[in-house]
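Model the full assembly from the supplied sequences, consistent with the hints where possible.
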Amino acid sequence: MSDFSKPDTSMIASVFTGKGLVRDSLVFWAVIAGLAMLGAVLGDSYVRHIFILVFIWCIVIASWDLILGYAGIFNYAQLVFFTFGAYGSAMLSIYAGFTPLLSILSAAAIGAVIGVVIAIPSLRLKGEYVALFTFAVHLALPPLIQQGKAIGMGGNTGLLGIPWLNLFGFQVSSIDKLTWYWVSLFLGALCVWLIYFIVLRGRMGLAFVAMRDADTFAQAIGVNEYKYKLLAFVVSAVFTAVAGGIYAHYTSVVTPKILGTEFFLMAMVMLAIGGMGRFPGAILGVFLVVIGNELLRSFDDYRLLLLGVVVVVTVICLPRGIAGLFERQSKQP
Amino acid sequence: MTQIFEILLSGITQGAVYCLVAVGLSLVYGASRILNFAHGSLYSLGGFLAWYLVAGGFDLPLWMAVLIILPVLALTGIGIERVIIRPLRGSDNWKINTIMVTLGLAFIIENGLQLVFGPGTRTIAPFVEGTLELGGITLSWYKVWIFAISLMLVGALEYFLGHTRYGQAVRAVSQDMQGANQVGINVNQVFSFTFALSVVLTGIAGILLAPVFLVSPLGGWAPFLKAFVIVVLGGLGSTKGAFVAAFILAVLEAFVIFYIGPSWAMPAWLVMLIVVLMVRPKGLFGVWEN
Numbered sequence: 002m003s004d005f006s007k008p009d010t011s012m013i014a015s016v017f018t019g020k021g022l023v024r025d026s027l028v029f030w031a032v033i034a035g036l037a038m039l040g041a042v043l044g045d046s047y048v049r050h051i052f053i054l055v056f057i058w059c060i061v062i063a064s065w066d067l068i069l070g071y072a073g074i075f076n077y078a079q080l081v082f083f084t085f086g087a088y089g090s091a092m093l094s095i096y097a098g099f100t101p102l103l104s105i106l107s108a109a110a111i112g113a114v115i116g117v118v119i120a121i122p123s124l125r126l127k128g129e130y131v132a133l134f135t136f137a138v139h140l141a142l143p144p145l146i147q148q149g150k151a152i153g154m155g156g157n158t159g160l161l162g163i164p165w166l167n168l169f170g171f172q173v174s175s176i177d178k179l180t181w182y183w184v185s186l187f188l189g190a191l192c193v194w195l196i197y198f199i200v201l202r203g204r205m206g207l208a209f210v211a212m213r214d215a216d217t218f219a220q221a222i223g224v225n226e227y228k229y230k231l232l233a234f235v236v237s238a239v240f241t242a243v244a245g246g247i248y249a250h251y252t253s254v255v256t257p258k259i260l261g262t263e264f265f266l267m268a269m270v271m272l273a274i275g276g277m278g279r280f281p282g283a284i285l286g287v288f289l290v291v292i293g294n295e296l297l298r299s300f301d302d303y304r305l306l307l308l309g310v311v312v313v314v315t316v317i318c319l320p321r322g323i324a325g326l327f328e329r330q331s332k333q334p
Numbered sequence: 032m033t034q035i036f037e038i039l040l041s042g043i044t045q046g047a048v049y050c051l052v053a054v055g056l057s058l059v060y061g062a063s064r065i066l067n068f069a070h071g072s073l074y075s076l077g078g079f080l081a082w083y084l085v086a087g088g089f090d091l092p093l094w095m096a097v098l099i100i101l102p103v104l105a106l107t108g109i110g111i112e113r114v115i116i117r118p119l120r121g122s123d124n125w126k127i128n129t130i131m132v133t134l135g136l137a138f139i140i141e142n143g144l145q146l147v148f149g150p151g152t153r154t155i156a157p158f159v160e161g162t163l164e165l166g167g168i169t170l171s172w173y174k175v176w177i178f179a180i181s182l183m184l185v186g187a188l189e190y191f192l193g194h195t196r197y198g199q200a201v202r203a204v205s206q207d208m209q210g211a212n213q214v215g216i217n218v219n220q221v222f223s224f225t226f227a228l229s230v231v232l233t234g235i236a237g238i239l240l241a242p243v244f245l246v247s248p249l250g251g252w253a254p255f256l257k258a259f260v261i262v263v264l265g266g267l268g269s270t271k272g273a274f275v276a277a278f279i280l281a282v283l284e285a286f287v288i289f290y291i292g293p294s295w296a297m298p299a300w301l302v303m304l305i306v307v308l309m310v311r312p313k314g315l316f317g318v319w320e321n
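In the order they appear, the protein sequences are chains A and B. Quick note: the first sequence uses the numbering used here, first residue 2, plus one each step. Quick note: the second sequence uses the numbering used here, first residue 32, plus one each step.
Quick caveat, the hints were computed from the structure, so don't treat them as lab data. Some hints could be false.
[What the hints assert, rightly or not] Only pairs whose alpha carbons sit at most 27 Å apart, straight line, appear in this in silico BS3-like list of lysine-lysine:
no.: 1; chain 1: A; residue 1: K258; chain 2: A; residue 2: K150
no.: 2; chain 1: A; residue 1: K228; chain 2: B; residue 2: K271
no.: 3; chain 1: B; residue 1: K271; chain 2: A; residue 2: K127
no.: 4; chain 1: A; residue 1: K127; chain 2: B; residue 2: K126
no.: 5; chain 1: A; residue 1: K228; chain 2: A; residue 2: K150
no.: 6; chain 1: B; residue 1: K126; chain 2: B; residue 2: K271
Structure follows, in structure tokens:
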């Protein structure tokens with residue numbers, strides 16, 4: 002409340018008008034270019050595979066950060082969007098003969114629809130009721146997918162034989178890790194850039210933060226709560242569904258396992274470690290967790306246990322994640 | 032007609048156990064606004080401890096095992112509250128952080144159980160055998176006993192909350208944490224106490240259901256999810272709501288399983304949940320927290 006007595010208008014205006022946007026974007030794309038070159042240097046296809054997964058995860062986590070960290074909506078149905086994107090894209094390209102790029106784009110449309118469908122009941126709810134409801138949707142989806150066997154969703158064994166990505170007539174097989182590395186890096190970077198630099202630095206992001214930090218006050222100054230919360234769901238779902246589509250065409254298999262507890266925990270750990278609502282936090286979290294998880298492969302029996310311990314310890318010791326750590330340091334001159 | 036009665040009865044007996052799991056979840060939320068995602072894994076913990084004492088390592092009779100397990104579960108609950116939840120209380124986004132920390136705990140417990148006991152399912156022999164015939168309806172005695180024990184425990188809890196001094200303190204904390212603190216109620220103690228109680232209740236449910244549903248390290252998610260839907264439907268933090276919702280959903284489940292098939296039970300629950308939340312966004316008996 003004390004913030005109102007000394008409004009930091011320059012700060013808000015700078016974000017709103019995009020001051021520093023060009024400079025920050027240049028830094029961002031420079032890092033991406035660096036990663037692209039790194040991909041060419043890294044010879045090992047296993048390492049590339051891990052990085053491809055990292056880039057796909059980055060989209061999911063950035064979208065989750067948008068709705069959970071910035072808009073402050075306790076949405077736990079993020080992997081539902083991912084699943085719909087993956088299955089939608091896979092089924093369109095298998096049964097309807099869409100080219101993979103078109104089916105990934107269609108997955109975005111499917112994501113938007115699912116986002117609205119989940120948002121409408123959620124917006125009638127408050128606070129943790131949203132968490133409960135969305136998590137219930139997440140948990141109720143696997144049996145539905147099994148029932149979906151009748152319409153060609155493959156049931157428990159999943160959907161197999163999803164066509165390879167077709168880039169301007171050039172077939173990119175799953176084995177061609179280097180091309181996939183660049184494709185997923187580019188698509189991932191584009192989505193992350195759109196989320197953090199365009200959406201969240203614009204009017205929408207400002208409305209999200211206002212609603213999260215001062216709900217009533219935001220409404221009083223004319224932020225249309227319903228509209229922006231709906232938008233938060235839709236934008237988040239669209240990007241996540243795109244990630245799902247990319248994932249489906251990369252692995253060429255989708256199974257209900259993507260709704261399993263391991264994936265969900267991984268996503269939670271990434272956000273917890275990275276820190277919510279603080280750009281690059283969540284993205285750094287993705288890199289750390291996916292790579293750390295691979296390093297732990299040799300202790301497979303203990304891996305999930307250790308991940309659990311990491312979540313508990315991180316949340317208790319660093320409630321704002323790694324991003325919070327940087328913030329604390331940068332405040333000390 | 033007898034068939035419908037049979038389905039109804041099996042739903043009601045099931046409802047009593049769901050109630051036991053859900054009431055604990057609701058109690059903790061009511062008192063401390065913590066949504067315990069590790070509730071299901073604590074259910075498995077109860078089942079595994081009982082299996083270990085009865086059939087695994089020792090050959091104790093079930094009643095003795097339960098007497099040993101109850102304090103262990105209570106101490107586990109107090110320990111969890113002290114070590115991982117209390118440090119978070121009052122930090123700026125404690126709601127998300129407590130959800131994350133309990134989710135992490137769930138993975139620690141279930142993977143810990145898997146490491147110690149192996150991934151297979153376990154069962155405990157039921158303490159009564161035989162079936163009960165009632166006008167053409169058959170019910171196993173064990174289910175009747177589960178029903179009676181669960182109902183008794185929930186009744187005792189309701190009595191405790193409504194008619195004892197400490198129970199009133201718990202209700203006071205759930206209504207207004209700060210006010211309760213100001214009139215001299217030890218709020219932290221109430222938090223620990225409700226957490227311990229909830230762990231004990233879900234652990235008992237795990238023991239009671241071990242002969243029917245078996246216990247496995249990752250098997251806690253199914254009862255947790257059910258408890259979760261029950262609690263949302265009944266209204267967060269309302270033990271009465273959880274009680275009513277448990278029976279509604281269990282009967283619905285029994286009918287859905289009989290007429291459509293077991294895999295449709297969860298989607299049916301979800302449809303029910305959506306319908307109720309659209310009409311009453313705070314659940315059947317919930318109250319918005321200001």
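#### Entry: Given hint B:K126 paired with A:K127 - CA-CA distance at most 27 Å
Holds, at roughly 13 Å.
#### Entry: Pairwise hint evaluation, A:K150 against A:K258, where the allowed Cα distance is 27 Å at most
holds (15 Å)
### Query
Are the Cα atoms of A:K228 and A:K150 separated by 27 Å or less?
violated (36 Å)
### Message
So if I understand the rule, the pair passes when the alpha-carbon distance is 27 Å or less; does A:K228 with B:K271 pass?
### Response
Given pair A:K228, B:K271 is violated - Cα atoms ~35 Å apart, limit 27 Å.
#### Entry: Restraint status (C-alpha distance of B:K271 to A:K127 at most 27 Å)
holds (21 Å)
### Query
Given the proposed pairing of B:K126 with B:K271, does the C-alpha separation stay at or below 27 Å?
With Cα atoms ~24 Å apart, B:K126 and B:K271 stay inside 27 Å; holds.
In terms of the numbered hints stated before, the structure departs from hints 2, 5, listed from lowest to highest.
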